[in-house]
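Visitor: Take a look at the letters that make up each chain.
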Amino acid sequence: MRALFGNSVWVKRLLLFAILTPLSLLGGELFTRILLPQNVDPKMNIFRADPVVGYIYEPYAEKREKGREYNVLYQINSIGLRDREYSGKEKGLVRFLLLGDSFSVSHGLAIEESLSRQLEGALQAIAGSDKIRAKIEVVNAAAGGYSPYNYWKAYRRWADVFNPDVVVVGLSPDDHDCDNEYLSYYIEEGETLAVYQDGKGSRKLWGNDLLRLRKWLSWNSELYILLRNFLYYNDIVGTVSLWLDTHQDIHYGQLEPYLVPQTEKMSKAWEKTFSYLRSLHDETAADGVVLVVLPIPLKLEISSQEFERELKAGGRTPEEMDIDQPLNGISAFCSAEAIAVLDPRPALRKRHAEMPCYFVYDGHWNAEGIRSVAAHLAEQWRNLGLPPWQNTSRQKQGRDAPTR
Amino acid sequence: MLFNSLIFILFISIVLLIYPRLRLRQQNLFLLAANYFFYGWWDWRFNILLFASTLVDFITGQKIHKSDTEKHKKRWLLVSIAFNLGLLCSFKYFNFFMDSTAALLQSFALEPHLPVLRIILPVGLSFYTFQSMGYIIDIYRGRLAPETNFVDYAVFVSFFPQLVAGPIERGGHLLPQIRSKRELTRGKMIAGLNLVLLGFFKKVAIADTLAPVVDNIFAMPDVMSSGQLWTGVYAFTFQIYGDFSGYTDIARGIALILGFELIENFNAPYLSRNITEFWRRWHISLSTWLRDYLYVALGGNRCGRERTYANLMITMFLGGLWHGAAWHYAIWGVLHGIYLAVHRMFLGGEKASLSWPRTIPGWAADTAKIIFTFHLVALTWILFRTDSVSNALVYMERLFLFQNMVDLQASVIFAACLLIALDGVQVWSGSHTWLTDRHGVKITRYAVAQLMFVCTLAAAIAHFNKITPFIYFQF
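Heads up: the protein sequence lines correspond to chains A and B, in order.
Residues 1 to 404 (this note's numbering) make up the first sequence, in order.
Residues 1001 to 1475 (this note's numbering) make up the second sequence, in order.
Hints were generated in silico from the structure; no laboratory data involved.
Glycine is no exception: its CB is placed at the ideal position from the N, C-alpha and C atoms.
It cannot be assumed that every hint is accurate.
To be verified - Beyond 12 Å from chain B on every Cβ pair, some chain A residues (computed):
(1) 21
(2) 24
(3) 27
(4) 29
(5) 36
(6) 40
(7) 63
(8) 145
(9) 209
(10) 219
(11) 222
(12) 287
(13) 305
(14) 375
(15) 382
What the hints assert, rightly or not - With the Cβ distance kept under 8 Å, some of the chain B side facing chain A (calculated, not the full set):
(16) 1142
(17) 1400
(18) 1402
(19) 1411
(20) 1414
(21) 1415
(22) 1417
(23) 1447
(24) 1450
(25) 1454
(26) 1458
(27) 1459
What the hints assert, rightly or not - Example chain A residues on the side facing chain B (calculated, C-beta under 7 Å, incomplete):
(28) 18
(29) 19
(30) 20
(31) 34
(32) 39
(33) 307
(34) 311
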């Protein structure tokens, strides 16, 4: 050692630092666990690779999803959906297939409070009051982390299994996918650890190793969770983001979809998203299935406080933003493609003013949010004359059907 | 301006940027300005009081020294003491005396209409008046020559690291350091930073983490189980130690960086083997002040056994009242007076009438003594923490029911062990200033410092939006 480094005091100090740092971090971890306990992320071990969609839930898995504001059971049925078991389609049954991401699968909520169940209940109630005898089922085929590419593939995966009459796609403004064709998913211990393009990346990428380390820390280190939550939820992040914005103009946070004029990256991402939706629409139309798009607003679209917080964090002004930009884009696309769009924002804004409709820290809909959305959608559904109001039998609707 | 606030970090950064670049006289003038800025940050009117106290004691100190006769000396001494006690009585004790008198008269079915002053207690008043009084008494006793430079004396009274919560300095210790050129060395800087880190660890990581536990339990002792109440006792015992000794460490660390060595205020007090030893290790600057200027003035132990016990009780009674103008503080002080008297009566000194059997090994006896003394002190803290004597009695009553002892929180014991372990490291390494060249000690201290840094950072993040003031600021 001496031959290598000589008698340098700095080398000795660095060595001492290198030895003591892991020990200090271990001590800090112990200290945090005992005196400042945090909720580590639950290791759900709940996904498995799927050749069609990329990944689905592990059949029969039963795990608890724990967070700062929830602790709920995830029960996966025999075919890999967070839902009950389904049998063959009987006569008089109108079946909906709900596709989407964590919002649609109802992250942080029990299955009874999920969008699929609440929508099913609300539709059934209104149908009952209108003396329509159809039985309605809403199949929850959504999964956390899915994107439009997966929605398309999920339809392909489940269409023959459920033979749906209607497909509802929950589409978030942050659902834009960029260059995600030929995606592969790296599932490790039941978690989607990385998403990468075939031929352009692999599990050996440094980025994936970093992701793996972060995932591991989020499962195991309360000290890490304390630091991560602080950086995520504290205004300091806003200050740092502002600084970054001012000096490098690289950070948009959640605001990117609303930025006017739209960034090139964003435009390309939406183009890609719409190409998947178009593919999905082609397939549903070919099957005679009605496709409905449900644009899912992020919290900042509903809460002006949240919007201001994001503006502050991103160092942006309201003049640079158009909060309706994603919805306008989706509406324009759907209008051209003759796809029905149901906008839940008016109901959510009204309800959120009286009672929070989103988790405080998490940003997903809470039970109240889902209830409001489901009730509003069911009303809109009836007003638009969508199945079963239009016709309880399967709709044969092509791409040239009139826009609703 | 709290040490654990962002504004203080800005303040101390500016001070440390300018201070080392100045010459001695400039340094003292700059320090004086910084002291008054620091104190005035709470309320600029506090500075008027501080200046008045400084001016009166500076002049009376000169007068006492120049007086030819004992009679004149005593007259000027009384002027100073009357002024200082007058300040304390007006701002701290007036309403307490009025309330107590009213309560007494009401017990005789009288309905008194006594005046009540609507004034706030200036932070640190008890500390700097005691420091000034100590200076004056030392001059009167001929142990100290008065300071002739007003700026130096004003720096002595208002020195910002220890102005609001001590240690209560002695003129003979701090004034010579103010007069002479300070050596600002790298060693002192590192040792000072270590002390600051140690202080922040005790305050932020331990005391502030225990604070919500204590607040919750002491808020509703009547609905808590015995296990929870014991948790509250232990938690407060270590909260107050972490909070106060943490403040002292930060004060001593900052002073060391500025080139001053302040006196020690704590020396592993919860490792004391008896109550007398505890008071030699806890808030040392106050207990020695009370001993030198009150207990000795009352006659100390020179006037027979009964008078000695009475002097102890009076000293501790006033020591209790020094902490706060309320009866529960006074009773807390009296109880400690009783413990000291009992210890002196039966167990202390060469003529102790009770001793341990020789069959018990020394270490076992010492451990038992430490545990007993610790619990005696811890249980008496209940009176200190509750807001009334009646609440303290409710707390005590339920504490000794020993119901649901499984509610005792292990996390509090862990925090306690951390503080005790830190004390152990300090005792082992043999220097409370962290100024040492012993290689093993340096490495151990580096390791401890790094661990403390991680824990303090974690706790600071956890308590980020909630700054808890130091407990002793209210005194």
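Visitor: It remains to establish, for every hint, whether it holds in the given structure.
Guide: Hints versus structure:
| no. | hint | result |
| --- | --- | --- |
| 1 | 21 | violated (7 Å) |
| 2 | 24 | violated (4 Å) |
| 3 | 27 | violated (4 Å) |
| 4 | 29 | violated (9 Å) |
| 5 | 36 | violated (5 Å) |
| 6 | 40 | holds (14 Å) |
| 7 | 63 | holds (28 Å) |
| 8 | 145 | holds (28 Å) |
| 9 | 209 | holds (24 Å) |
| 10 | 219 | holds (18 Å) |
| 11 | 222 | violated (9 Å) |
| 12 | 287 | holds (53 Å) |
| 13 | 305 | holds (17 Å) |
| 14 | 375 | holds (37 Å) |
| 15 | 382 | holds (47 Å) |
| 16 | 1142 | violated (51 Å) |
| 17 | 1400 | violated (28 Å) |
| 18 | 1402 | violated (25 Å) |
| 19 | 1411 | holds (5 Å) |
| 20 | 1414 | holds (5 Å) |
| 21 | 1415 | holds (6 Å) |
| 22 | 1417 | violated (10 Å) |
| 23 | 1447 | holds (5 Å) |
| 24 | 1450 | holds (4 Å) |
| 25 | 1454 | holds (3 Å) |
| 26 | 1458 | holds (5 Å) |
| 27 | 1459 | holds (6 Å) |
| 28 | 18 | violated (11 Å) |
| 29 | 19 | violated (9 Å) |
| 30 | 20 | holds (5 Å) |
| 31 | 34 | holds (5 Å) |
| 32 | 39 | violated (13 Å) |
| 33 | 307 | violated (22 Å) |
| 34 | 311 | violated (21 Å) |
In this structure, the earlier hints numbered 1, 2, 3, 4, 5, 11, 16, 17, 18, 22, 28, 29, 32, 33 and 34 are contradicted, and the remaining ones agree with it.
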